[in-house]
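Sequence order for the protein chains is A and B. Per the working numbering, residue 916 is the first one in the first sequence, and the count goes up by one each step. Per the working numbering, residue 627 is the first one in the second sequence, and the count goes up by one each step.
It cannot be assumed that every hint is accurate.
[To be verified] Residues of chain B placed beyond 12 Å of chain A at every Cβ, according to the derived structure: (1) T634; (2) L654; (3) L678; (4) T709; (5) P724; (6) N732; (7) Y739; (8) F767; (9) A771; (10) L787; (11) E794; (12) W810; (13) G845; (14) I871; (15) E883; (16) K891.
[What the hints assert, rightly or not] Restraint ranges, calculated between C-beta atoms of paired labels, are given here: (17) A/P980 / B/D668: 45 to 51 Å; (18) A/P980 / B/M823: 45 to 51 Å; (19) B/N670 / A/M1114: 34 to 40 Å; (20) B/T635 / A/R1179: 47 to 53 Å.
Derived by calculation from the structure, the hints in this document are not laboratory data. Backbone N, C-alpha and C fix where the C-beta goes; we use that ideal spot for every residue, glycine too.
For reference, the chains in residue letters:
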Amino acid sequence: MTEISHYSQVWSYRTPRGRLALWGAWLALVALFVFCWQVMTKDTIWFFVTDAPRQAADIGNRMMPPRWSYLPELWAPLWDTINIATLGTIGGVIMAVPVAFMAARNTTPSARILRPLALFIIVASRSINSLIWALLLVAIIGPGLLAGIVAIALRSIGFVGKLLYEAIEETDANQIEAITATGASGAQVLSYGIVPQIMPAFWGITVFRWDINIRESTILGLVGAGGIGLKLQASLNTLAWSQVTVILLLILATVVLSEWVSARVRHAII
Amino acid sequence: MTNSAYPTTWRRPPQIIKNRRWRIAFQLAVLIYLVLAISTVDVNWSRVYDGLERGQRFVMGFLQPDFESRWRDISQGLIESLTMTLTSTVVGVAISIPIGIGAARNLAPRWIYYICRSIIAVSRALQEIIIAIFLVAMFGFGPFAGFLTLSFATIGFIAKLLADDIEEIDESQAEAVRATGASWVQLVNYAVQPQVMPRLIGLSLYRLDINFRESAVIGIVGAGGIGATLNTAIDRYEYDSAGAILLIIIAIVMVAEYSSSYLRKFLQ
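Produce the entire structure from the sequences given, and follow the hints as far as they go.
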């Protein structure tokens, strides 16, 4: 009785049943993928797809060399773009703060009615991209910077609101209790107990959103909401690919710069 | 021995910028910027006033969405969006796994590391919409261009987070597997894969969610999907259909968000 023969000689990570289930899950995924692929490519014209490398080379040829003399015309739209992002962020944050306080479990005035409403505002704002907001607002209030600013602001509510309400829920309850024990009113508890705790998070979130908004506001002009995207749209419509290169490089430089600024500021705060 | 110098009220000290002069300078700078910025935004208030009536119609359309009259276009757009989302996520994740492994400093040699990191940087720096414009110009209108756009954007997202995750694995487990004489492939399979798999699945589900949202946007520049339908509806001033489409998008995003968070909890 020295050897134990009923043990498996080869070690394996999962039981046979587990392996079968895993295999079935993979099979289902592959089958779903193939099915979706068939549905999606039903109307694809394969001639265009095989022709794509030639088209790419053609566009590449037209884009080079960049037309640098176009650059001076871009400073004013760039200023507009930065204004859209900054003013939009300010507007969004102003609207997001009350929503966040309504959504946080520990500060909400009524958990039954206002909290679900605030959560719905957050989800609705988050699930609709700023470009779609801009599309709607351009149709409603007309093309221009205002539509872009409002679109950015509406999109920012969800992002800032969600992160801020999570920060509010994570505040230290002991400090709030200490303030309450001094006989502070509700507003005083808010001002001395909660606000100091969420201040670093608040500035971090705001700067982070500003950085994202710079990125998003560069393309809002595609639907007519002002900024450098308008120039991009105009150049694309006239097939001026050498101007497109200049615009794209400028957008890239702006985005990289804003990312650097935001990283520095967040590093300094937190 | 008077107590009169002792303050009777307490003022909360500033938290962010502690130096008083800097604070004032900062506030002044913000004020000047705001004045400059707002003065360059010229708003055509009569146009805004005219638009209010239209805005009211849009809100009414949102409250009474019309799913029926354009249902064929909407369902077509939805099918395109959903299939595009799934295929692009699968393909994007499949491509980003080797790139993610290559971009992890503890698994890849230096030159592969730099190549993979630069692929990630390029994919992350370019916006989906801009990529979509180019791919539509190359591949023609329709969901195929959208599929390529979303796959490309997925690579930057998944590969970066996967690489960062691989760099943070527990090294002692990798060393234990290495000590048994395992080859590089065995090392990846037995030491790295079990540690990063739950997170990779979570990230893929999250990206599925993002890709659906993005698929609603890239349709505006002609890359197929529900965005194209939405664009058409707004161009025709059919706000009730547009409201219906937006409600469907919100509903799907909510379902995706809740089910993916549930699935992630279940898998970990």
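Earlier hints that do not hold, by number: Checked against the structure, the hints that fail are numbers 3, 4, 8, 9, 13, 14, 15, 17 and 20, while the rest are satisfied.
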